[in-house]
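J.: What follows is the residue order along each chain.
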Amino acid sequence: MACTQEKRELLDAYLDEELTLLEAKQLEAHIYECESCEQHLQELKRSVAIIQSASHFEAPRHFTEGVMNRLPEQPARTKWKHRIRRNPLIVAAAAFLLVFVMSMAGGMGDGQEMVVEGEGQFLLDREQNLVIIPEGSTVDGDLTIRNGDIEINGEVTGTVTVVNGQHLQASASGAAGEIEEINDALEQIWFQVRSFTADLIPSGSDEE
Amino acid sequence: MDIVVKKIVREVKKGNQEAFSELVELYKDKVYHVSYRMIGNTHEAQDIAQEAFLRAYMNIESYDEERKFSTWIYRITTNLTIDRIRKKKPDFHLEDRVSGTENLDYHSQFADDVELPEDQIVKLEMQQWIQEEIMRLPPKYRSAVILKYLEDLSIKEISEILHLPEATVKTRIHRGREALRKRLN
Numbered sequence: 035m036a037c038t039q040e041k042r043e044l045l046d047a048y049l050d051e052e053l054t055l056l057e058a059k060q061l062e063a064h065i066y067e068c069e070s071c072e073q074h075l076q077e078l079k080r081s082v083a084i085i086q087s088a089s090h091f092e093a094p095r096h097f098t099e100g101v102m103n104r105l106p107e108q109p110a111r112t113k114w115k116h117r118i119r120r121n122p123l124i125v126a127a128a129a130f131l132l133v134f135v136m137s138m139a140g141g142m143g144d145g146q147e148m149v150v151e152g153e154g155q156f157l158l159d160r161e162q163n164l165v166i167i168p169e170g171s172t173v174d175g176d177l178t179i180r181n182g183d184i185e186i187n188g189e190v191t192g193t194v195t196v197v198n199g200q201h202l203q204a205s206a207s208g209a210a211g212e213i214e215e216i217n218d219a220l221e222q223i224w225f226q227v228r229s230f231t232a233d234l235i236p237s238g239s240d241e242e
Numbered sequence: 069m070d071i072v073v074k075k076i077v078r079e080v081k082k083g084n085q086e087a088f089s090e091l092v093e094l095y096k097d098k099v100y101h102v103s104y105r106m107i108g109n110t111h112e113a114q115d116i117a118q119e120a121f122l123r124a125y126m127n128i129e130s131y132d133e134e135r136k137f138s139t140w141i142y143r144i145t146t147n148l149t150i151d152r153i154r155k156k157k158p159d160f161h162l163e164d165r166v167s168g169t170e171n172l173d174y175h176s177q178f179a180d181d182v183e184l185p186e187d188q189i190v191k192l193e194m195q196q197w198i199q200e201e202i203m204r205l206p207p208k209y210r211s212a213v214i215l216k217y218l219e220d221l222s223i224k225e226i227s228e229i230l231h232l233p234e235a236t237v238k239t240r241i242h243r244g245r246e247a248l249r250k251r252l253n
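Residue numbers (our numbering), protein chains in the order written: chain A, 35 to 242; chain B, 69 to 253.
These are calculated hints, taken from the structure and not from any lab test.
It cannot be assumed that every hint is accurate.
Unchecked claim - Subject to a maximum C-alpha distance of 25 Å in a straight line, what follows is the list of computed DSS-like cross-link-like pairs (lysine-lysine):
hint: 1; chain 1: A; residue 1: Lys79; chain 2: B; residue 2: Lys191
hint: 2; chain 1: B; residue 1: Lys191; chain 2: B; residue 2: Lys136
hint: 3; chain 1: B; residue 1: Lys98; chain 2: B; residue 2: Lys250
hint: 4; chain 1: B; residue 1: Lys81; chain 2: B; residue 2: Lys136
hint: 5; chain 1: B; residue 1: Lys82; chain 2: A; residue 2: Lys79
hint: 6; chain 1: B; residue 1: Lys238; chain 2: A; residue 2: Lys41
Claimed, not checked - Chain B stretches covered by chain A per the calculated footprint, using a threshold of three residues with CB under 8 Å from any CB of chain A:
hint: 7; region: 105-114
hint: 8; region: 239-251
For glycine and all other residues, C-beta sits at the position ideal for the given N, C-alpha and C.
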């Protein structure tokens with residue numbers, strides 16, 4: 035224990051590095067002479083050193099996911115807006131003019147690859163399997179998406195057909211024609227037959 | 069303030085929820101560590117730390133960008149932890165096993181079948197003992213001591229986090245230090 039209350043306070047200030055140079059020198063001189071003050075200072079320093087040797091813990095695994103899962107739901111619209119803005123790669127990779135047929139797999143929608151058929155400007159989000167018709171963009175004629183979802187913020191003049199996917203926007207205002215979702219297996223077969231025959235009738239395409 | 073943090077905060081304020089995960093990544097360790105040291109229990113610490121981020125998200129509009137984000141998130145964390153400690157109302161005696169540390173098991177952080185070398189065990193026991201000593205401090209000294217000596221914050225920052233005058237913070241650190249000196253020597 036420090037020899038006096040006054041010295042004790044000085045020792046605290048000394049540890050906090052709040053004494054002037056002169057005050058510090060004077061206290062050090064006193065400590066040199068006074069055993070109890072010296073011991074007190076050593077004990078305080080030792081206690082601090084012990085506490086400081088406590089190791090640092092990292093947050094548990096999946097901590098961030100846990101937080102994000104607890105955040106309130108956002109309206110879908112703002113969410114997409116931000117995803118597109120935050121992922122310029124998606125936009126850069128996908129925002130080119132698509133003339134007539136675009137198929138990601140090369141084949142015609144066999145398997146689970148997303149296939150888009152249509153004419154106009156749209157964005158592809160491959161990770162989400164999502165096609166977005168951005169605001170201000172128009173797709174002339176029909177639009178068909180297989181194995182993917184569609185969100186229409188712009189305009190589609192023809193009919194929108196979604197095979198094995200969903201139309202994500204609540205209002206149908208973006209499409210001039212009708213919107214058809216085909217998710218049932220039987221319906222899909224019927225659609226294939228229908229579009230196959232439709233493909234045969236107009237000027238024969240060069241697809242195999 | 070850090071430009072990166074500022075940018076992320078702006079994004080979150082604009083409604084970009086996903087940007088918030090970057091803030092969580094940046095500060096999760098600090099927040100978790102402070103709450104763990106104050107509450108002494110890993111489960112509760114995680115719960116409090118997640119709750120702190122949730123509150124930060126909900127109140128992001130009230131966050132003043134001119135101030136350090138760490139100060140703000142520390143403030144939310146210490147408030148939540150102190151609330152939690154008050155609700156627990158531990159009725160303990162000095163010689164009892166410290167409430168809140170019964171789940172404190174460093175061994176559980178390792179896989180069961182891993183045989184720990186002797187020096188590791190000594191280290192773990194030493195760490196366990198330190199945490200028990202921290203838990204013996206009255207909460208108001210505890211928070212000041214943790215922020216000062218474990219988080220290495222300045223008196224000014226601690227006074228902002230705890231919303232106390234700097235002189236009060238100093239007094240609490242001195243008293244906490246003195247309590248530790250008496251027990252540890």
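J.: Determine for every hint whether it applies to the structure shown.
T.: Cross-check of the supplied hints:
1. A:Lys79 - B:Lys191: 21 Å, holds
2. B:Lys191 - B:Lys136: 35 Å, violated
3. B:Lys98 - B:Lys250: 29 Å, violated
4. B:Lys81 - B:Lys136: 16 Å, holds
5. B:Lys82 - A:Lys79: At roughly 48 Å apart (the allowed maximum being 25 Å), A:Lys79 and B:Lys82 break the hint.
6. B:Lys238 - A:Lys41: OK: B:Lys238 and A:Lys41 at ~17 Å, within 25 Å.
7. 105-114: holds (count 3)
8. 239-251: holds (count 6)
Consistency note: the structure conflicts with the earlier hints numbered 2, 3 and 5.
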